[in-house]
Structure formats: C-alpha cells, structure tokens
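Each chain, written out:
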Amino acid sequence: MTLQRYLEDAVAQHGERVAVREPGDVAITYRELGELSDRLRDRLVALGVEPGDRVGIYLRKTIDTVASIFGILKTGAAYVPVDPSAPPARNAFIFGNCSVKVAITESRFEAGLRKHLAEEKAAPELIVIDEAGGGVGLKKALDASPRAPQSATVYTSADALAYILYTSGSTGKPKGVMLTQRNATSFVDWCSETFEPVPSDVFSSHAPFHFDLSILDIYTPLKHGATLALIPEDIGKEPQKLAQLMVDAGITVWYSTPSILSLLVQYGKLEEKDLSRIRTVLFAGEVFPIVHLKALHKILPKPRYFNLYGPTETNVCTFYELPSSIPADRADPFPIGVVCSHLEAAVVDDEGNVVTKGERGELVIRGASVTPGYWNLPEQTAKAYLNSGIGAGDDDKRAEVRWYKTGDIVTEEAGGVYIYAGRKDRMVKKRGYRVELGEIESCLYRHPQVREAAVIALPDDELGLKVRAHLSTRDGERISVIALKGFCAQHLPVYMIPDVFAFHGELPKTSTEKTDYQALMRME
Amino acid sequence: MERQAIVDKVKNYVLAQFLPGEDPNELTPDTPLMTTGILDSLATLKLVTFLEQEFNITVEAHEADAENLNTLDQIADLVSGKL
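Residue numbers (this note's numbering), protein chains in the order written: chain A, 1 to 524; chain B, 1 to 83.
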C-alpha cells in the first residue's frame, strides 16, 4: 500500500464526496483532487522529477497544498513541506539540504526564496502559484504552460521515501526526518483500526503540514472517503474564530496540540457553540495541563478523548483513552498509555539494558512506523537509534534489532500503561540531585492561577545551576513568590523549587505552537 | 530589644535580599523560609552572617537549620535567647 493509492481508491469509491474543505465553503471533491494532482504529476515528470527525487512545498495551507502533496507522491518522489511563516533563508536551506528538484511556492514567497536559494547554491525549478486557495491557484499555474504529456502514477515500494519533515536540530540547523511509505501507511492503518473513520466524518487539520500531526489529519480521512477541514495558519491561532470554524465545518474528529485546546477552552467561548458533532478529541505533542483538560471535558463531555504520544521519528507510538469522567481531584496528567498495535516498546537504562518493570528508564520503540533516520546525517542517525538484542529472534532470526531512542523517560505500570516522567535531556543535576524540569512544570500547573509554565535550568556562578520558572497567569497579574514557593513546597522536595520566577503575558511559542524553550533560554 | 523589632529587622533584610519586588504583606512571622526554598543554603549563610553582625551574637553551626531559622518567629526566638 502507498499513500497515493489511498487517494486513487477514494476517487474510485467516493468520487463526488468532498475530500478537502477550506473556510468560506470552498471545497474539492475526490474526483477533482485526483484530476488536479494528476495534472501536477504530469508537470513534475515533464520537469524531470523521477522516483526517489525530492520536491519542496512552500505554500500556505490550502487545497492547493493537499493537491501538491498527492501530485508529488504520484511521481514516486518524496515531498518536503516547509513552514510558510518561517524565514525564507531557513526554507531555502532545507530545500538545498535535501536537494529538491522542484519546489512549489506562491508569488508572495518567490523573491525571498530565490534570493536565499542562490546563497545555498541550489537551483531547483520553481512552480509559482499566484495565490494559493481552493485549488484554483494551482490549476491556473498549470494552465499557464502548455499541457504536459500524461504520465502514469508510480506506486513506489514500501521502503521508498514518502516525505521528509524538518525539525529543529541541536546544532542550530534543521534536520530532516525521513519517512517511508511503510512508516506512514502502518500508522494510518493503525488510525483506521483505532478511530474507525467513516465517510461522513470531518477531520480537523490544525497542525501545519511540516509537523507530524498532519499525517493523521491528511491521510486518515482520505483513506476512508471522509472530509479534511483545513484550518489556515491565522485562524488556527485565534480561539473564537477557530471555535466558529469547528462548528461551520462540522468537525467530528479533532486533533491538535494541548496548547491549542487550552486556548480554545479559555478564550473560545466553547460553551456557547454547538459542537455536538465532535465524537473524538485527539491531542499530542506535549503534556496537557490537567486544569485545562478538565475544563474542556466539562464543556464537551460526550466525545472520546485520546492522549497520543510519539516523536516525529516514530509518529504516534503509544496512546491512552481517557476515562469517560475525570475525577475532580485528579492533579496528575494522564498516562501516555499503551504501545500501538503496529509497534513494540521497551524501557531501558543508560547502558541499553531493559529495566525492572516499574523502574524509570528511556522509552525505546521498534516496528513498522520507526523511521530510517535523518537526511544526510549518518552520525546523528547512529546516535538516535539503538541496535540491541532486546526483542531479537522473536519474529525474525536477526541477532539485533533496531530501536528508536525517544529520549523520553517513562515508567511502566500495570497493563503495559506507560507514564511519562519527562525528557531525558531535561534531567539536570542540582546539588547532586536529579531534577526533572518537566516535573516542576507539572507542579506549577496545579496552581489555580497558573496558565502556562515552562522551567529551564541555567548555569549560575553562585548556585552552580539556577532553576528558573517562566509563568503566565490567568489574570495577567504576578503571583507572590512567597506564595508560589510555599505552593511548590507542598508538592516538591526543596531542591526542586525554582530559584527564580519570571512572569510573562504569554510564553513564546514555536511555529508548531509548542513552548519555545530556546527563546526562554536566551532571555536574561 | 523588643521581639517585634527583631522580627521587623530580619523581615526587611529577607525582603530586600531574597525577595525583591515581593509584597511585604505576604511575608508573615510564620511564612516558611527554608522549607520553601526562599532561603536556600547560600541564602541561609548570608542570613546567619547578618544576624551575627546586626545583633552581635554567635549562631552555632548546628543552629543554622530549618528547626531554628524556618520562620521569622523562630529567628526572633533564637536571637532574643542570645541577647
């Protein structure tokens, strides 16, 4: 199975159903999406794109973008989506880094992209859409040149690259996570099994396409003849407009980061909206502060809620369905849950040995959706994976199998349920004690006045290490440091109580709406 | 020296040194200081030096702990017992 086959099958079975919708009642059917992506495939082939190549996508999230994704996949090439709100220099670096043969962009980005591509000494062909939207922009761009000869859709092997997602790299340069067809389809098949989509479903597409949450959004509904409701970048950040869009689009399955759901519950006036069509709420990407989750559950008690967990390198690898009622006194975040059926998990110590059940250790994952590594970074790839005898010989005769090291510290409870304890690289030592910064954040989120909390550790001349908590509050007022430290002392050992508190209107965010820790580290 | 005067002096010192910008009303005679990390080990050393110089007393090493220095009340008891 390949991703392009999902669309071909849906065209055959659900041709006249709406495949993708934009705000303002703009939509495209499966048949139209199939035709438009065929035309782009033909153009790309005429431009010399071959199976195994890469093609860049530098577009705002529109129907044109979805058609571009399938047009590229149909050539047998991999697509490389970049963040349209990121600096053009960064996007040009990415296109140069994986040497895209063609890039699809919009007029508004063209000049910046060309300038920086020249600096990267990269010269891909550009397909420039005047204004992306409704698929009309892409169609016009294709109409502007003589029709390319018809080519055939390529059904690549399961091991062929389907797309590359660039994430921030520790070196300061983005690194490309390579994902194969099998990585994607094994995950989408798991989504089918778990969430049971039907053609009448409407899936939200909140995450940007360069973010791995978009894989569930795009392919799960399209595989089942359901509708994908695109949420443009600007509306995605405005809670009231976003809540209205959820109603207007008739969304039945919602998926986003907890940050967005927290914003929606606080500022979206959800209680005034008819959101009765929503049957499933999925969230992933970070810990959902329990106060906001409870508030959301109170307003929307009917849907099933799932906490999905997994790094880009495995996509979702564990999941947890929340109980239908949340106890009022629950103060801890929910578990990340059990391993998905297409994967296996183990918990290992620093030497790579499986820990005693119940002990803390790093979660490692293997199976069909574990990615082959990073584009052109063999050393970083080698560091990120563990070749181990654990699990070897079970279903194959190999002496070693390859596990992805998530960098996340977990414990395993009864029933194979994993509890998230924090990032391995967020474990610091203060006065000799191991301090998990995420645990301090969980504590701060229990404080009724705290809206957002992010804790960092900084070198300090006097203390060796200074723990600084960055906070935003519900009423925008500072909280007394005495009161905060007193509060922390009820939940944390004294060495874990932050040394310094800093207050913000809101915490800085990355382009994927996660707390921007790099920006916090740079603050004085 | 009156007990209240000791409390006030120590309170002003703790506010100025370790709680800049804090509302003085939040710091009460029974606010825990050491067990909440308001006074960490370094701050405790500074506080002891202050007490010794300000009140001309000696604080023994074994006295510089959360049993004797955790609140303004306890600090005032320790100091007044030595005057």
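For the record, the hints were derived by calculation from the structure and aren't laboratory data.
Any given hint could be a false lead.
Stated by the list, open to error - Example chain A residues on the side facing chain B (calculated, C-beta under 7 Å, incomplete): (1) K466; (2) I479; (3) I482.
As the list claims (entries may be wrong) - With a Cα cut of at most 27 Å, we get these calculated DSS-like pairs of lysine-lysine: (4) B/K82 x A/K466; (5) A/K429 x A/K466; (6) A/K173 x A/K241; (7) B/K46 x A/K430; (8) A/K139 x B/K46; (9) A/K173 x A/K302; (10) A/K405 x A/K429; (11) A/K429 x A/K357; (12) B/K46 x A/K429; (13) A/K294 x A/K357.
Stated by the list, open to error - Not everything, but these chain A residues come out facing chain B in the computed CB check (under 8 Å): (14) I456; (15) L458; (16) P459; (17) L463; (18) S480; (19) K485; (20) G486; (21) A489; (22) V500.
Glycine residues also receive a C-beta, built at the ideal position from the N, C-alpha and C atoms.
Here's how the hints hold up against the structure:
{"no.": "1", "hint": "K466", "verdict": "10 Å, violated"}
{"no.": "2", "hint": "I479", "verdict": "10 Å, violated"}
{"no.": "3", "hint": "I482", "verdict": "4 Å, holds"}
{"no.": "4", "hint": "B/K82 x A/K466", "verdict": "35 Å, violated"}
{"no.": "5", "hint": "A/K429 x A/K466", "verdict": "10 Å, holds"}
{"no.": "6", "hint": "A/K173 x A/K241", "verdict": "34 Å, violated"}
{"no.": "7", "hint": "B/K46 x A/K430", "verdict": "20 Å, holds"}
{"no.": "8", "hint": "A/K139 x B/K46", "verdict": "73 Å, violated"}
{"no.": "9", "hint": "A/K173 x A/K302", "verdict": "43 Å, violated"}
{"no.": "10", "hint": "A/K405 x A/K429", "verdict": "22 Å, holds"}
{"no.": "11", "hint": "A/K429 x A/K357", "verdict": "25 Å, holds"}
{"no.": "12", "hint": "B/K46 x A/K429", "verdict": "24 Å, holds"}
{"no.": "13", "hint": "A/K294 x A/K357", "verdict": "30 Å, violated"}
{"no.": "14", "hint": "I456", "verdict": "17 Å, violated"}
{"no.": "15", "hint": "L458", "verdict": "15 Å, violated"}
{"no.": "16", "hint": "P459", "verdict": "15 Å, violated"}
{"no.": "17", "hint": "L463", "verdict": "7 Å, holds"}
{"no.": "18", "hint": "S480", "verdict": "4 Å, holds"}
{"no.": "19", "hint": "K485", "verdict": "4 Å, holds"}
{"no.": "20", "hint": "G486", "verdict": "5 Å, holds"}
{"no.": "21", "hint": "A489", "verdict": "4 Å, holds"}
{"no.": "22", "hint": "V500", "verdict": "10 Å, violated"}
Hint compliance for this structure: hints 1, 2, 4, 6, 8, 9, 13, 14, 15, 16 and 22 are broken, all remaining hints hold.
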